[in-house]
Structures are given as structure tokens and as C-alpha cells.
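Protein chains: 2
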Amino acid sequence: MPRKPSHTPESLADSALAQFWYGGYEATSMDILVKKTGVSRHGIYTDYGGKKALYLACFPRYHQHVVSPVLDPVTGSGDGMAAIVGYFGRLVEMAESIGLPGPGCFVVNASTEVAPHDPEVAAKVAEHNARLETAFSTALQREQSTRLPMPHRKALARTIMIFSNGLWTASRSTDKSETLREHAAVFLDLLEYRLK
Amino acid sequence: MPRKPSHTPESLADSALAQFWYGGYEATSMDILVKKTGVSRHGIYTDYGGKKALYLACFPRYHQHVVSPVLDPVTGSGDGMAAIVGYFGRLVEMAESIGLPGPGCFVVNASTEVAPHDPEVAAKVAEHNARLETAFSTALQREQSTRLPMPHRKALARTIMIFSNGLWTASRSTDKSETLREHAAVFLDLLEYRLK
DNA sequence: CTTGTGTCAGAATACGCGTTCCGGCAGAGT
DNA sequence: ACTCTGCCGGAACGCGTATTCTGACACAAG
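Here the protein sequences line up with chains A and B, keeping their order. Residue numbers for the first sequence, in UniProt numbering: 1 to 196. Residue numbers for the second sequence, in UniProt numbering: 1 to 196.
Please note: incorrect hints may appear among the correct ones.
Which copy is meant is left open, so a pair is good if it fits within one copy or across any two.
Said to hold, decoys possible - Capping the alpha-carbon separation at 30 Å, the derived lysine-lysine pairs in DSS-like fashion look like this: (1) 35 / 154; (2) 36 / 176; (3) 36 / 52; (4) 51 / 196; (5) 52 / 35; (6) 196 / 154; (7) 36 / 196; (8) 52 / 196.
Hint data in this document are derived by calculation from the structure and do not stem from the laboratory.
Given only the sequences and the hints, what does the whole structure look like? Please build it.
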């Protein structure tokens, strides 16, 4: 008897993600959300109960659609340094395909805009950064050319994570992917020089 | 005949800076501003005309109070690499003295929270980043151990700037200055290894 | 065709915040 | 002591937005 729903909670979160990502949390009103997602207020509130819950639901969607394709290969097998080089290549490709200057990284944006005043969002951000860190750490572990001591490896992985987030931030204010590629190349050159 | 004013536009901007820095632009209401600065709404509006103008006035104050003491020595004379090492040492000291986890860098925060939707703020951010970049570039120029080609030097200076901004971001989610020092040391180690 | 369920669009509500406005008063000059 | 200037505290206004509510409607089942 009921009408067939035109959306699923997942597809709603996906549409909302695009909006929050480009517009930020505060600047994205419910009116905009309704218009851009094509789902009525009623639909949004029955699916998620509020704006913030919908926002939180965007994090796993972002991970699935954006982070995983770029990051997952890093934890694969093979040369560790090559895996990290590949990561930054895919990162710039991703930024490029989104368009430059672009919205940067959804999570990095959240970490400065929302996380400081919201523990739940801060937790999502911390989780994301930890994922990056462990991925880089396992890649460094596989790197054959050097045997880094464990604490140093962890610190190095964090440094790579910090730079990765910085590169996303830079992608918001440049219109040339070549610039990003150059930044990444410089950093990777430093890294490679040290490991070999 | 008039009452002696209890504040100057500069001291008002200084107090406002502290609030915007810790609380962000959106989350800092005029009520909070009035309470924390000790200046009445009337005083704020006659001095600056509105919230955003006051916010913009905070940028030069931030530069004077925070950026200059940390950055200016970089453009001095002497060994270039040592100047950059000194910069990161002072950066971490500054973050430490503010308290950890802290509010990060006022300008980096502005770049993700406000700049995307406000050209005037974006210009202030770009100006700040350019200042960092040229400072690092002149330091690299003074570095005696290597003769970097000019384009590479500029790219390297930008990479250092990106990492510096990333480190400030990291200072918002860690409570140990030792962690920051470690991140900086790892990065500087990479840099030094490459230049020598 | 009728019925009933769940969705949709938009109005109504409640609230927060930037801005403006107004009486009261503190203090320097005479 | 008196006056007069201009600043202060706080109320008032207008706007924007998250949330709730309501009546109309679309569609599948009988």
C-alpha cells in the first residue's frame, strides 16, 4: 500500500555528503539539503532525526567512496615506498577529478570547522587519522631498503599523515594539479632520500 | 568633558583575536565578544562597524603577536637550515606556552572555516602563506651546504609551509608537546638529509 | 474503483544571533 | 556644584534557520 521510497538512507547520506563536503556544516542549511538531495524534510528527519546525525552518517560514506580507493592499496603487498608514492599519486588524481580548487578533504574540513566544539565529530576525525597512520606504518614496515626502529616508524607514519592532510588543505587554494604533484614529489623525494 | 575611553581599537582587536582564535568565527557571538573583550556593543560597532570587520582586523594583530616572533628570525642572517630548525622549535614552544591541545593557528583555522566562503578572508590567508613561503625560501637560499636550483627551492619552501600548517593542525588534537617536537624532528631530519 | 499507508511540499513554530536603539551615568571642564 | 559629552548595559528588532506539523497526494492491494 505505501508508496515506494525514492531513496535509501545510504543514497540520502551520499547526496548530503556532497553538500556538506563542498559547503561545510554550518553553511549547509536544511533548505539546501532538501533541495540538493531531493528528499523532503520529513524524509530526512524520519531517516536520521536531525542535521547532525545526517552529518555523522556522512563519514562512513566518505570513507567508502573517497578514502578507501586511495588508501587501501597502501596496505597491500609489495614495496612500501612504492605504495606511499602511489598513494600520493592517487590523492592528487582524486583532487584533480573533483576539480581544482576543490573542497579539500571532508574529514580535514570537519577537524577544524566542527570537531573543536563537538566530541562526536572529533572522534570520527581521530579514527580517520589513525587509519591513515596505521596504513603508512605497515607500508614502512614492508619497505625493504631500510630497517627503521619501531618508534621512529610510527613517528614517520604520523608525519606522512600530517603532510597528506596539509596537501588536501593546499588543494583548496590552488587551481593547478601540477603544483600539488610538485609538493608531493618534493616530500616523497625527501622521504626516499632518507630511507635509501 | 567626555569620559576617557577604557580601550583602544588595537586592544579591542587583541581581545577579540583571543576569542575568535579559540572559538572560531561562527561560534563566537557578539554576546561572547562583548563579555570577553569588556567593550560594549556600541564601542565595537563604532570602532569597527561589525563582526566581520573586527575579525579582519585580528589578522595583523595575530601576525604581530604570534607569527612575527616565530617567523622573523628565519629571514635573518646565518645558516639557512639552522634558521628553519629554529623556526619549528619556536613554533612548538609557542604551541606549548598556549597550552595543548590548543587552538592551532588562527590563520589556518580561518582558511578552512571562513576563507572558502569569503574572498577577503581568503586574501588574508594567501598573504600569510606567501609570507611563510618567502621566509623559508630566503633561508634555503642562505643554506651553504647545497646549491638548490631556484624552482626546486621555491617548491621546497612551499612544502615546508604546508608541513608547518599541518603541524599547527596537529597541535589541536594532541596534549603532548613531545609528539609535536617529534613530528617536527622527523620532518627536519628528512630535510637535512636531503640538503647535506 | 476504493481504501489505506506513507511520502511530500510548504506553513507554522521556536530560537539564536547580528545589529540598532535608548535611557542612565561617569567624569572632565568651568 | 553644575553641565554636557559620549560611553555603557541591556532591551528591541529583523532575519535566518532547525525542527515540527498538517493537509494533499501517489500508489499498491483488494
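Now for the hints, and whether the structure bears them out:
{"no.": "1", "hint": "35 / 154", "in the structure": "neither (45 Å within a copy, 44 Å between copies)"}
{"no.": "2", "hint": "36 / 176", "in the structure": "within (28 Å within a copy, 42 Å between copies)"}
{"no.": "3", "hint": "36 / 52", "in the structure": "both (17 Å within a copy, 29 Å between copies)"}
{"no.": "4", "hint": "51 / 196", "in the structure": "neither (49 Å within a copy, 53 Å between copies)"}
{"no.": "5", "hint": "52 / 35", "in the structure": "both (18 Å within a copy, 29 Å between copies)"}
{"no.": "6", "hint": "196 / 154", "in the structure": "both (18 Å within a copy, 25 Å between copies)"}
{"no.": "7", "hint": "36 / 196", "in the structure": "neither (50 Å within a copy, 54 Å between copies)"}
{"no.": "8", "hint": "52 / 196", "in the structure": "neither (47 Å within a copy, 51 Å between copies)"}
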